[in-house]
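S.K.: Sequence:
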Amino acid sequence: MPTMVRKNAGGKSSQDVREMFARVAPRYDFLNRVLSLGQDLRWRRAAARELGSLEFPSLLADVCAGTGDLGFAFLQAVPEARVVALDFTPEMLRLGAAKARRYTGKRGNVFFARGDALRLPLRDRSCAAVGMAFGIRNVTDPDAGLREMARILKPGGKALILEFTRPSGRLFGPLYLFYFRHVLPRLGRWVSRGSGDAYTYLPASVDAFAGPRELAGRMEAAGFREVHARPLTFGAVHLYVGYSAPDSAKL
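Numbering (our numbering), first residue to last: 1 to 251.
Treat the hints with caution; some may be incorrect.
In silico SDA-like links for lysine to any residue, alpha-carbon gap of 20 angstroms or less [claimed, not checked]:
#1 Lys7 to Ala204
#2 Lys99 to Lys12
#3 Lys154 to Lys99
#4 Lys154 to Ser53
#5 Lys7 to Ala208
#6 Lys7 to Arg189
#7 Lys99 to Lys7
#8 Lys154 to Asp247
#9 Lys99 to Gly38
#10 Lys7 to Ser126
#11 Lys7 to Arg147
#12 Lys7 to Lys154
#13 Lys7 to Glu214
#14 Lys154 to Ala144
#15 Lys12 to Ser205
#16 Lys12 to Arg33
#17 Lys7 to Pro26
#18 Lys154 to Glu226
#19 Lys12 to Asp247
Label pairs and their in silico Cβ distance ranges [claimed, not checked]:
#20 Pro79 to Gly38: 19 to 29 angstroms
#21 Leu37 to Ser168: 32 to 42 angstroms
#22 Ser13 to Gln39: 35 to 45 angstroms
#23 Glu220 to Arg102: 18 to 28 angstroms
#24 Glu226 to Arg125: 29 to 39 angstroms
#25 Ala113 to Gln76: 15 to 25 angstroms
#26 Val5 to Leu37: 30 to 40 angstroms
#27 Arg189 to Gln39: 18 to 28 angstroms
#28 Gly211 to Ala98: 30 to 40 angstroms
#29 Gln15 to Asp124: 22 to 32 angstroms
#30 Arg102 to Ala22: 31 to 41 angstroms
The set of hints was computed from the structure by calculation and includes no laboratory data.
In this text, a Cβ means the ideal position worked out from N, Cα and C, and glycines have one as well.
Whole structure, please, built from the sequences with the hints as guidance.
M.R.: So, in structure tokens, the structure goes:
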């Protein structure tokens, strides 16, 4: 009897996702800037600002890190912290480590390591905060991925998740959806020099994935408390914030 391969909201297996990101890795950062119309770094900085005051020295995790832009934003917001950037695509990790050396002259406090969102290579209760930018939608078992994020958080630690959503505004919503579903895939195919399947997959996976209310509920089911979702750029993206239960709540 053949083994059933689990697939994500966009219909891709873990191997499909890894191979797709390996193909786009050389132009990934450039594509993010162009296709988001320059907004992607701003979204990551918004997430980093949610870190607030942390106990030092603090370990922060960037899961599904790609080339580490969320991790770099974390370090910019909390320079005293150490950041581990985890991804299961080696091509992304190599580019991220090279970026760290260019920016700091050494790896500094951002460390890149191979890690699957479903089996994070970190100890229980080891991180003060964990973030994921535009990755939960690509995970083949999002609920298990959320539980892994909760597992590695210290009591009272903070989870920060950025994910695309479908804006509902009467003016911006239709304009954005036209761009996202029709212009972006063509532009991505042209700029990425033939790896445009990733940018056809992007709007399809967003359409199929959970909306803000559902994803917030799934975070609560995974063990997070005080979960809230904040729209960014008229609702094209949402920033989800949740907390690990404090020690007193785990007794």
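S.K.: Run every hint past the structure and note whether it holds.
M.R.: Consistency of the hints with the structure:
1. Lys7 to Ala204: holds (14 angstroms)
2. Lys99 to Lys12: violated (28 angstroms)
3. Lys154 to Lys99: Violated - the C-alpha atoms of lysine 99 and lysine 154 are around 29 angstroms apart, more than 20 angstroms.
4. Lys154 to Ser53: holds (14 angstroms)
5. Lys7 to Ala208: Holds, because 12 angstroms separates the two Cα atoms, which is no more than 20 angstroms.
6. Lys7 to Arg189: Roughly 23 angstroms separates the two Cα atoms, so the pair is violated.
7. Lys99 to Lys7: Distance ~31 angstroms between lysine 99 and lysine 7 Cα, so the pair is violated.
8. Lys154 to Asp247: holds (9 angstroms)
9. Lys99 to Gly38: holds (19 angstroms)
10. Lys7 to Ser126: violated (29 angstroms)
11. Lys7 to Arg147: holds (18 angstroms)
12. Lys7 to Lys154: Violated, because 30 angstroms separates the two Cα atoms, which is more than 20 angstroms.
13. Lys7 to Glu214: holds (19 angstroms)
14. Lys154 to Ala144: Since the Cα atoms of lysine 154 and alanine 144 sit roughly 18 angstroms apart, the hinted pair holds (cutoff 20 angstroms).
15. Lys12 to Ser205: holds (9 angstroms)
16. Lys12 to Arg33: violated (24 angstroms)
17. Lys7 to Pro26: This hinted pair is violated, its Cα atoms lying about 25 angstroms apart.
18. Lys154 to Glu226: holds (16 angstroms)
19. Lys12 to Asp247: violated (38 angstroms)
20. Pro79 to Gly38: 19 to 29 angstroms: Taking Cβ atoms as reference, proline 79 and glycine 38 lie about 25 angstroms apart, which means the hint holds.
21. Leu37 to Ser168: 32 to 42 angstroms: violated (19 angstroms)
22. Ser13 to Gln39: 35 to 45 angstroms: Given about 29 angstroms between the Cβ atoms, the range is violated.
23. Glu220 to Arg102: 18 to 28 angstroms: violated (40 angstroms)
24. Glu226 to Arg125: 29 to 39 angstroms: violated (18 angstroms)
25. Ala113 to Gln76: 15 to 25 angstroms: Since the Cβ atoms of alanine 113 and glutamine 76 sit about 20 angstroms apart, the hinted range of 15 to 25 angstroms holds.
26. Val5 to Leu37: 30 to 40 angstroms: Holds - the Cβ-Cβ distance for valine 5 and leucine 37, about 35 angstroms, lies within 30 to 40 angstroms.
27. Arg189 to Gln39: 18 to 28 angstroms: holds (21 angstroms)
28. Gly211 to Ala98: 30 to 40 angstroms: Because 36 angstroms falls inside the window, the suggested range holds.
29. Gln15 to Asp124: 22 to 32 angstroms: At 28 angstroms between Cβs, range holds.
30. Arg102 to Ala22: 31 to 41 angstroms: violated (21 angstroms)
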